[in-house]
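So the sequences go chain by chain: A, B and C.
Just so we're aligned, residue 1 is where the first sequence starts under this note's numbering, counting upward by one.
Just so we're aligned, residue 1 is where the second sequence starts under this note's numbering, counting upward by one.
Just so we're aligned, residue 1 is where the third sequence starts under this note's numbering, counting upward by one.
Simulated from the structure, these hints should not be mistaken for laboratory data.
In this text the structure is predicted, and so the values were computed from the model without any measurement.
Heads up, the beta-carbon is just placed ideally off N, CA and C, and yes, glycines get one too.
Here are the in silico distance ranges between beta carbons for each label pair:
(1) B:Val190 with C:Leu202: 45 to 55 Å
(2) A:Leu294 with C:Arg199: 47 to 57 Å
(3) A:Leu294 with C:Ala248: 52 to 62 Å
(4) A:Pro199 with B:Pro337: 22 to 32 Å
(5) B:Val191 with A:Val83: 43 to 53 Å
(6) A:Leu294 with C:Asn93: 24 to 34 Å
(7) B:Ser162 with A:Phe173: 44 to 54 Å
(8) A:Gly279 with B:Ala28: 46 to 56 Å
(9) B:Tyr13 with C:Asp66: 41 to 51 Å
(10) C:Ala137 with B:Ser162: 50 to 60 Å
(11) B:Ile314 with A:Ser231: 12 to 22 Å
Heads up, simulated DSS-like pairs for lysine-lysine below, C-alpha to C-alpha not over 25 Å straight-line:
(12) B:Lys197 with C:Lys138
(13) C:Lys113 with B:Lys197
(14) C:Lys153 with B:Lys350
(15) C:Lys14 with C:Lys24
(16) C:Lys84 with C:Lys115
(17) C:Lys194 with C:Lys153
(18) C:Lys153 with B:Lys197
(19) A:Lys30 with A:Lys176
(20) C:Lys24 with C:Lys236
(21) B:Lys350 with C:Lys98
(22) B:Lys197 with C:Lys115
(23) A:Lys136 with A:Lys154
(24) C:Lys138 with C:Lys115
(25) C:Lys84 with C:Lys14
(26) B:Lys197 with C:Lys98
(27) A:Lys154 with A:Lys129
(28) A:Lys225 with A:Lys154
(29) C:Lys98 with C:Lys113
(30) C:Lys138 with C:Lys84
(31) C:Lys14 with C:Lys236
(32) C:Lys138 with C:Lys113
In silico negatives: residues of chain C with every beta carbon more than 12 Å from chain B:
(33) Leu163
(34) Asp203
(35) Tyr234
Listed below, chain by chain, are the residues.
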Amino acid sequence: MAFFLETLLGGLMSGMLYSLVALGFVLIFKASGVFNFAQGAMVLFAALAMARFSEWIPGWMGMENLFVANLLAFTVAVAIMFVVAWLIERLALRYLVNQEGATLLMATLGIAYVLDGIGQTIFGSDIYKIDVGMPKEPVMMLESVFDGGILINKEDFIAALIAALLVISLSIFFQKTATGRALRAVADDHQAAQSIGIPLDRIWVIVWCVAGITALVAGIIWGSKLGVQFSLSTIALRALPVVILGGLTSVPGAIIGGLIIGVGEKLSEVYLGPYVGGGIEIWFAYMLALVFLLFRPQGLFGEKIIDRV
Amino acid sequence: MFYRENGQFKTSYKADQQAFAIPQDRWAIVAIVAFAFIGVPLLVDEYMFRAILVPFLILSLAALGVNILVGYCGQITLGAGASMAVGAYAAYNFMVRIDGMPALAAILLGGLMAALAGIVFGAPSLRVRGLYLAVATLAAQFFWDWAFLRIKWFTNDSSSGSVSVPDINLLGWTINSPTDKYLFCLGVLVVFSVMAKNLLRGNMGRQWMAIRDMDVAATVIGIRPMYAKLTAFAVSSFYLGVAGALWGFVNLGSWEPAAFSIDRSLQLLFMVIIGGMGAISGSFFGAAFIVILPIFLNQMLPLIGGLFGLEVSIALVSHVEFIIFGSLIVFFLIVEPHGIARLWSTGREKLRLWPFPH
Amino acid sequence: MSGRKFGEVILDLKNISLSFGGVKALQDISFNVLEHEVRAIIGPNGAGKSSMLNVINGVYRPQQGDIILRGEHHANMDSYGAAKAGLARTFQNIALCKGMSVLDNIMTGRNLKMKANMLQQAIWFGAAQREELEHRAKVEEIIDFLEIQHIRKTPVGRLPYGLQKRVDLARALAMEPQILLLDEPMAGMNVEEKQDMCRFILDVNDQFGTTVVLIEHDMGVVMDISDRVVVLDYGKKIGDGTPDEVRANPDVISAYLGASH
Ligand SMILES: Nc1ncnc2c1ncn2[C@@H]1O[C@H](COP(=O)(O)OP(=O)(O)OP(=O)(O)O)[C@@H](O)[C@H]1O
Ligand SMILES: [Mg+2]
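Based on the sequences and whatever the hints tell you, model everything.
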């Protein structure tokens, strides 16, 4: 039982990170109908910027303080992600509005390649560290309930907490602020939003900026855990089933989908993996999403659409 | 004589229905194929065959498969690499498990297995579209990646996980020199291209295109989406499977699952986008481009860097490659969704009118 | 038109109700179509006319009601089945393959009648080619009939709207249907084009005995060419009868005046 709970919690925590990346997908999709395959490349790009600047800045400024260095690097990385967002809107997105979903998807694949290439040209392509002072040691919990308690990875726990905080603050941003309302109006109906004077291109830049920040946070969390390296960009691929499960247009869907996939992956790997040779977590999530798609093509929270003729 | 069809009147529907209705085109194609079979082997050295021509031919075949599905039937796939893998590993298993199995038969059977797998993983296309379908095909990609890595039966329990096959023997012709490999692949490509052309100009192709362009409305004119989509998946996967088997048997000789990873899938998709969706020739343009660009960059970038006294590392070359591919994809999607093939045919159109525009 | 003989009831729609979420597109609609007649469906925008056609050929599944085609009940008509049963249709928003030539688009309409299997098609010579030529001949007849010979090789996307509508009709005719459903075949046409279209529709009806169900906004056209008219408004049937009867129906008049037509 304790072991099961441990696995479950581990799943929930990694699921929270998936939710974070999935949220990036959902935001952009809602606002512009683009399924942003470049989200993973953005995670890598942001993490690279963060890692390298936190390494370079102390050198340039001749100081040792880790916290200040990280803070400065974070600021610079945010600025860089804003520039990236703006460039993407400027150079690609605005010419592609109203294209079919598949075309847009392929375009973001192209963007992902460009980001990967530029990121590694500027920042290098080795493995880099991000050290934001995350505690590494595990802790015991619920010792009173279970014999021996359950082992929790503190780092995962804090990561999940940060992700949850970000998700909550974004939800508040969308619900309460004027920009958030404008965003939702755009998500509901582009033309209508435009006709009441909401500037579409500005909204898109904002959404991509927000997606850039989620990418940065996800990149920092993952990067401090696994090191910043090229494989980070495949995180988008891991988060994809999440979005499918949750429905592309639903924020709660992204969160719950993330948790389901996180837990499903861990449980399957632990309980099913040994029988089939292990390593199944990648495709397991996809199969889960696939089976789910067949029964509910619109996702958990998406709306059913009847095609017009 | 000018290049045009004025004054050439067709006297029967039959003449009108030929694969290439303009005689100049027909002759051009025949000339190109003849040159490829006879001229190229006389002119080209081994390096060209190994590094450029054989990969180009096989990837053209694969791109043709992707084009049938993506360009003609409008179903996106990110799992093309997986179909190649199924073809390659299935062919390998037919080869090693059945005594006296002719290599060509094994390759074709590999293609058939890929077609079956394609039907299974294409089935979601009946329910979902666009990016949801992309996800379904990714599921196939990751599943097969895993299966060929972890299920030892597929690799005949080879300890390293990599498999290898002996040279192909085709009715006494042992295919081992680069020239042999080139000629063999060229032969396969020509046959498969002709069949693709035939399918696409006939009823099958019209059904696929109707699904692509009209979707729901297509059923109203009596096209069954299930039949049309699954045949597209099957034919496309068959082509990919054969290409995969050739890639393993002819180009690599021995290989690991990484040869058919998601990167391969994306690469194939890019070939079709850059080359031209919905044009057979686009598959060739795209494959040529993808094969030649890295080689070109590898040669040119260090030279250009040298001019400015910069050292260009191999890593940098591959990053520049990423940037160029990525930008070109976005560029083509925005400016010319029909790719190089359309640029080419527009150029030809101009030639048709030359020297009297209008 | 009065001298013409109508046959039996070929299509009978009973108590059809269809809704999308909260929108009640059709509410308890019943009417029938006689063999060989030209039956019009009219009504203001959003009345549910297109939805009605979509129900008839199985694109939409009504929540309630029964469709009786030649005496057979089809509570659940599907569009492929409808095509096989001899229903063809054109679309309000033209649904042609933009990149294909006019000829190929019309050939697509023959697909139900083409039998060569995939292998034969891949080989081409032999069965596939023979079949292709056979159907090509039939398609050429339709092309002549609709007077679009000069554009047969043109990609449909390059044609003006009026001609695209004609190609859409040609493809429907290529199916050799018994019942032809036309969704606003004359929308966006000038007077001359409309006259041509009317002539084609009446010719089809006359020469091939095809039953026609059509949606049209132009009242002049409707009164000219239809034998009987159904009037829909907000998903309800408010009138049914000969053009003259419908024109005199107070409900119809008020619906049209209300909708400022
Ligand atoms: N696929 C669908 N999903 C949701 N609502 C639909 C769908 N198809 C039709 N409707 C709704 O049903 C109602 C009837 O639409 P329909 O297209 O049948 O009207 P119509 O009489 O053809 O109008 P028009 O003259 O504009 O063509 C409308 O309110 C429309 O919005
Ligand atoms: Mg309508």
